[in-house]
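All chains, please: the whole structure from these sequences, using the hints.
These protein sequence lines map, in sequence, to chains X, F and Y. Heads up: the first sequence at position 34 corresponds to 34 in the UniProt record's numbering, and the numbers run straight through without jumps. Heads up: the second sequence at position 76 corresponds to 76 in the UniProt record's numbering, and the numbers run straight through without jumps. Heads up: the third sequence at position 161 corresponds to 161 in the UniProt record's numbering, and the numbers run straight through without jumps.
No wet-lab data here; the hints were simulated from the structure. There could be a bad hint or two in this list.
[What the hints assert, rightly or not] List time: in silico PhoX-like cross-link candidates among lysine-lysine, alpha-carbon distance up to 25 Å:
1) F:171 with F:190
2) F:34 with F:333
3) F:171 with F:382
4) F:167 with F:190
5) F:135 with X:167
6) Y:118 with F:382
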Amino acid sequence: MSTSQQPIGGTLGTEVVPVAPGVNLLRAAIILLAFAMAAAVPIAFASSYQLFQLTLAGTYAIAILGLNIVTGFNGQISLGHGAFYAVGAYTTAILMTHFDMPYWETLPIAAVVCGVLGFGVGFPALRLGGLYLALTTFSLAVAVPQILKYRGVEDWTGGVQGTFLVKPDAPEFTGLNNDQYLYLFVLTLAALLFLMMANLLHSRIGRAMRSIRDHPTAAEAMGMDIARIKTRTFALSAGITGLAGALSAIAVEYVAPDSFNVELSINLFVGMVVGGVGSIVGPIFGGLFIVFLPNVAESVSRAAPGVIYGVILIFFLYLLPQGFAGFPRRIAALFRKRRQD
Amino acid sequence: MMQRRTLLASSAALLAVPRLGHAVTVGVTATELKIGNFMPYSGPASAYGVIGRGDAAFFKMVNDQGGVGGRQINFISYDDGYSPPRAVEQTRRLVEQDHVALLFHTLGTPSNSAIVRYTNQRRVPHLFLATGADKWGNYQDTPWTIGWQPSYRTEAQIYAKYMLEQKPNAKIALLYQNDDFGKDYVTGVKDVLGSRFDGMVTTASYEVTDPTVDSQVVSLRGSGADVMVTAATPKFAAQTIRKIHDIGWHPMHFLSNVSISIAAVMRPAGPERGIGIITSAYQKDITDATWANDPGMRSWREWMRKYLPEGDITDSGYATAFNASTTMLQVLKQCEGDFSRENIMRQVANLHDLEVPLLLPGIKVNTSPTNFHPIRQMQLQKWSGEHWERFGDVIEGANV
Amino acid sequence: MQGLAHQLIAGIATGGIYASVALALVMIYQSTHHLNFAQGEMATFSTYIALTLIQAGLPYWVAFAATLVISFGIGVFTERILLRPMHNASVLANVGVFIGLLLVFRNAMGWMFEYTIKSFPSPFESDTPLLGGLVSGHELGSTAVTLVVLGLVFVFFRYTKLGLAMRAAAFNASSSKLVGIRVGWMLALGWGLAATIGAIAGMMIAPVVFLEPNMMLGILLYAFAGALLGGIDNPGGAVIGGFAVGVIENLGGAYLVGTELKLTLALVIIICVLLVKPSGLFGRVVQSRV
Chain X
1 MSTSQQPIGG
11 TLGTEVVPVA
21 PGVNLLRAAI
31 ILLAFAMAAA
41 VPIAFASSYQ
51 LFQLTLAGTY
61 AIAILGLNIV
71 TGFNGQISLG
81 HGAFYAVGAY
91 TTAILMTHFD
101 MPYWETLPIA
111 AVVCGVLGFG
121 VGFPALRLGG
131 LYLALTTFSL
141 AVAVPQILKY
151 RGVEDWTGGV
161 QGTFLVKPDA
171 PEFTGLNNDQ
181 YLYLFVLTLA
191 ALLFLMMANL
201 LHSRIGRAMR
211 SIRDHPTAAE
221 AMGMDIARIK
231 TRTFALSAGI
241 TGLAGALSAI
251 AVEYVAPDSF
261 NVELSINLFV
271 GMVVGGVGSI
281 VGPIFGGLFI
291 VFLPNVAESV
301 SRAAPGVIYG
311 VILIFFLYLL
321 PQGFAGFPRR
331 IAALFRKRRQ
341 D
Chain F
1 MMQRRTLLAS
11 SAALLAVPRL
21 GHAVTVGVTA
31 TELKIGNFMP
41 YSGPASAYGV
51 IGRGDAAFFK
61 MVNDQGGVGG
71 RQINFISYDD
81 GYSPPRAVEQ
91 TRRLVEQDHV
101 ALLFHTLGTP
111 SNSAIVRYTN
121 QRRVPHLFLA
131 TGADKWGNYQ
141 DTPWTIGWQP
151 SYRTEAQIYA
161 KYMLEQKPNA
171 KIALLYQNDD
181 FGKDYVTGVK
191 DVLGSRFDGM
201 VTTASYEVTD
211 PTVDSQVVSL
221 RGSGADVMVT
231 AATPKFAAQT
241 IRKIHDIGWH
251 PMHFLSNVSI
261 SIAAVMRPAG
271 PERGIGIITS
281 AYQKDITDAT
291 WANDPGMRSW
301 REWMRKYLPE
311 GDITDSGYAT
321 AFNASTTMLQ
331 VLKQCEGDFS
341 RENIMRQVAN
351 LHDLEVPLLL
361 PGIKVNTSPT
371 NFHPIRQMQL
381 QKWSGEHWER
391 FGDVIEGANV
Chain Y
1 MQGLAHQLIA
11 GIATGGIYAS
21 VALALVMIYQ
31 STHHLNFAQG
41 EMATFSTYIA
51 LTLIQAGLPY
61 WVAFAATLVI
71 SFGIGVFTER
81 ILLRPMHNAS
91 VLANVGVFIG
101 LLLVFRNAMG
111 WMFEYTIKSF
121 PSPFESDTPL
131 LGGLVSGHEL
141 GSTAVTLVVL
151 GLVFVFFRYT
161 KLGLAMRAAA
171 FNASSSKLVG
181 IRVGWMLALG
191 WGLAATIGAI
201 AGMMIAPVVF
211 LEPNMMLGIL
221 LYAFAGALLG
231 GIDNPGGAVI
241 GGFAVGVIEN
251 LGGAYLVGTE
261 LKLTLALVII
271 ICVLLVKPSG
281 LFGRVVQSRV
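Here's what the structure looks like:
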């Protein structure tokens with residue numbers, strides 16, 4: 001049960017299995033079909049309010065994907081990714097309101113700013129292992145709202161009152177309303193990011209990241225520059241989470257320090273665990289979970305929704321300790337057992 | 001960039017001006033009227049959740065007494081966890097999915113700030129917010145939004161003016177919570193002192209996550225101040241009162257009226273430690289024996305017994321809920337069956353000398369198309385060790 | 001100069017709060033190699049139990065002792081019922097359960113005991129303020145209690161067979177099983193003791209900060225920082241770390257950056273120290289074998 005003996009995320013869903021080209025084609029078809037469904041069904045059937053919820057879930061899914069890269073694939077516990085989400089959101093808000101930049105131009109800037117910040121934080125912090133890194137990142141999550149409120153930057157951040165931004169209008173040729181457009185925009189970006197990450201993780205760099213998680217000493221013995229890979233992973237992770245934050249600012253049309261308190265970081269963490277640590281598709285479920293579960297909890301009990309949320313979370317992890325992504329595996333294991341009996 | 005911001009505000013205003021002859025009625029059927037609300041039932045501010053429960057219980061009473069305008073009120077209240085993104089989500093749910101007629105008593109400055117543009121663009125009445133920020137009285141830019149309680153900023157102005165009368169050369173120490181609530185007090189004091197602020201005032205802030213404010217109090221005392229202004233929530237206010245007493249400091253002490261509950265602040269702090277503290281009030285303190293036989297208070301206790309038997313009768317949130325809901329009920333009565341959003345707003349801006357059961361004697365609710373601060377009056381009061389003793393006249397606004 | 005002395009004393013007083021919670025964190029880490037994020041909320045819950053007993057008319061020390069027993073039971077129960085099924089799950093899934101536990105305890109308290117702050121009695125209340133009111137009798141008394149608990153924890157882990165067995169079970173479960181240690185019960189015992197120490201901390205803190213469901217919200221982070229600063233495997237180091245955090249935070253806030261950034265500053269300093277001494281000021285350096 002000790003931290004030193006067990007790999008953090010288990011090895012769920014990350015083994016590289018050689019596959020035949022035909023299987024690859026099938027996989028591509030399935031992914032395309034899933035994307036088409038995810039795009040078409042909500043546009044056809046969901047109300048604006050539901051689209052807004054799905055858009056939020058999409059931004060959380062991207063944020064959790066970022067977190068998963070550093071925690072799930074590289075084995076570094078971060079409890080502070082809410083900080084990068086916040087910085088991304090504020091970067092977009094400031095660029096849009098103070099510099100009149102169009103929303104899509106702000107996104108790469110937000111990602112780069114957060115990547116650089118992640119590099120700066122990760123550079124010293126990743127020399128600390130396990131709990132120490134958890135503390136450092138958690139501190140960052142606690143400190144960021146305080147910094148956003150600071151008098152010296154108030155002119156830029158809007159201080160405690162926050163800053164408004166304007167949701168982009170859908171381009172006219174699309175014939176969509178703004179909520180539909182933003183949903184598709186976030187969905188497409190999310191799909192691209194998820195594909196990119198899937199490719200990256202099956203590449204040489206991805207293998208290096210995972211080997212550092214599972215066997216740091218062996219990885220080092222084989223000549224990997226652990227600190228360099230860790231720091232870069234952290235920067236990449238922060239950049240993706242920052243991009244998610246930027247998208248959320250556009251969707252919510254408002255940023256304020258209270259939007260990015262410690263609870264946000266904890267929520268992202270919960271989303272990652274629930275989706276499946278070290279799983280590529282897990283963050284999608286994680287994003288949906290943290291948007292929709294509070295509403296479920298509330299409909300069960302108005303008196304103490306927090307209690308219900310906590311209870312559901314605990315039971316969920318009992319049933320699926322590997323998260324949603326472990327579900328098919330769990331079923332398969334049950335079948336195998338039955339066959340053996 | 002300023003230009004862009006004013007442009008935004010004015011375009012919202014333009015959109016929101018009620019057009020005559022085009023009345024929109026939403027959320028009203030022959031038997032039902034839907035009112036929407038969000039509250040922090042979970043999360044760090046869940047202490048305020050009682051206000052939403054109080055509102056719900058009030059409308060239950062209204063329904064038991066036959067409803068209003070022939071309709072039963074369906075009060076729908078969701079949890080926003082004091083998080084602005086969730087407040088936006090819940091507001092859209094209320095407006096687009098539940099089709100409520102209006103939003104009422106939504107709590108928290110950050111949460112309401114996040115939705116104020118949405119409600120004004122969509123022209124949804126956004127009424128009697130449970131926050132004391134000054135900006136909710138801005139009837140020009142946000143004509144569909146109106147506050148309820150006196151603003152923190154006005155309150156701070158009242159203290160500063162009184163203080164200057166008493167001690168023209170005061171050295172002031174100001175302790176504030178580092179958020180919108182605390183900073184409004186800083187602004188209010190600045191309004192009155194102007195350029196003298198920097199020379200006269202030493203400030204210290206605290207975060208809600210700080211365990212104690214002892215260090216801040218010690219620092220402020222070290223500045224040599226003889227006046228203390230405390231803009232703190234109950235827990236920190238009680239700590240401040242105790243610490244000031246224990247270190248033998250005797251400043252003239254002004255305390256935010258958010259934290260004057262006898263049961264939740266003065267008694268835990270030690271009633272004798274707070275003697276001489278000055279604050280301003282607009283509501284009766286439900287734990288003050290002075291009001292034992294007050295008719296308004298009796299009706300409140302009756303209501304608590306019947307509709308909230310489990311509720312904590314020392315929690316002033318229930319009093320706030322009762323008062324604000326009474327105001328809301330008056331508006332609905334004045335609508336006389338025409339619950340179009342335009343008419344609701346007309347009646348909201350048409351309250352004259354409304355007496356609300358738990359407001360202090362002499363303090364009345366007044367609105368007009370150019371006054372979106374329903375309660376502007378307050379009265380100074382001083383802590384005697386057992387009661388708040390009111391003194392001076394009822395003060396209307398600060399007229400800075 | 002006098003101001004500096006005052007800030008120093010105020011810092012030590014707040015540091016005492018962090019130190020007492022840091023001890024509970026060391027206890028749970030030493031015996032399970034986990035950090036329980038719900039530790040603070042469990043301690044607050046215990047404090048509410050104590051208050052309920054006192055209000056029911058029990059004398060303070062009887063209620064104190066009863067609370068310790070009940071808290072121990074809650075700790076053991078939590079481990080056996082809630083964490084047992086998670087033994088084979090990953091560390092992160094366990095952290096997820098801790099977060100769930102935190103939410104349950106915190107919200108249940110608000111629901112059961114209301115959110116209005118309550119004053120909690122202190123057994124060390126003195127009427128005459130000491131050192132010009134900078135230190136209360138309670139602060140001296142509670143510091144003494146923290147030191148006594150520290151002594152007990154130290155002796156327990158260093159000199160008792162049970163303490164050694166618990167450390168062994170946490171350090172290497174399979175080897176411990178081979179030498180006949182009942183690992184499962186050792187973990188449960190660790191939870192029980194941590195909950196007990198948490199309860200003491202809660203009862204010592206509540207008179208200072210007032211009892212309410214979010215009482216430990218900020219304290220846990222500082223205690224966490226203090227424990228890591230001093231060394232998570234060293235009870236004495238954790239206590240010193242807790243005091244140090246209190247002092248750093250207060251002096252930094254008063255003289256360096258102002259109160260608006262004092263939390264940020266304190267965290268930056270702690271992290272810098274950890275960079276130089278990665279296992280904390282008094283922690284043991286662990287050499288890993290390939």
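Here's how the hints hold up against the structure:
Our distance criterion of 25 Å between C-alpha atoms is met by residue 171 of chain F and residue 190 of chain F, whose separation comes to about 14 Å. A distance of roughly 15 Å separates the Cα atoms of residue 34 of chain F and residue 333 of chain F; the hinted pair therefore holds under the 25 Å criterion. Of the pairs offered as hints, the one joining residue 171 of chain F and residue 382 of chain F holds, with about 21 Å between alpha carbons and a cut-off of 25 Å not exceeded. Proposed proximity of residue 167 of chain F and residue 190 of chain F is supported: the alpha carbons are some 16 Å apart, at most 25 Å.
Restraint check for residue 135 of chain F and residue 167 of chain X: the C-alpha separation of about 23 Å stays at or below 25 Å, so the hint holds. With a C-alpha separation of about 23 Å, the suggested pairing of residue 118 of chain Y with residue 382 of chain F holds against the 25 Å cut-off.
Going down the numbered hints, you'll see the structure goes against none, and every one checks out.
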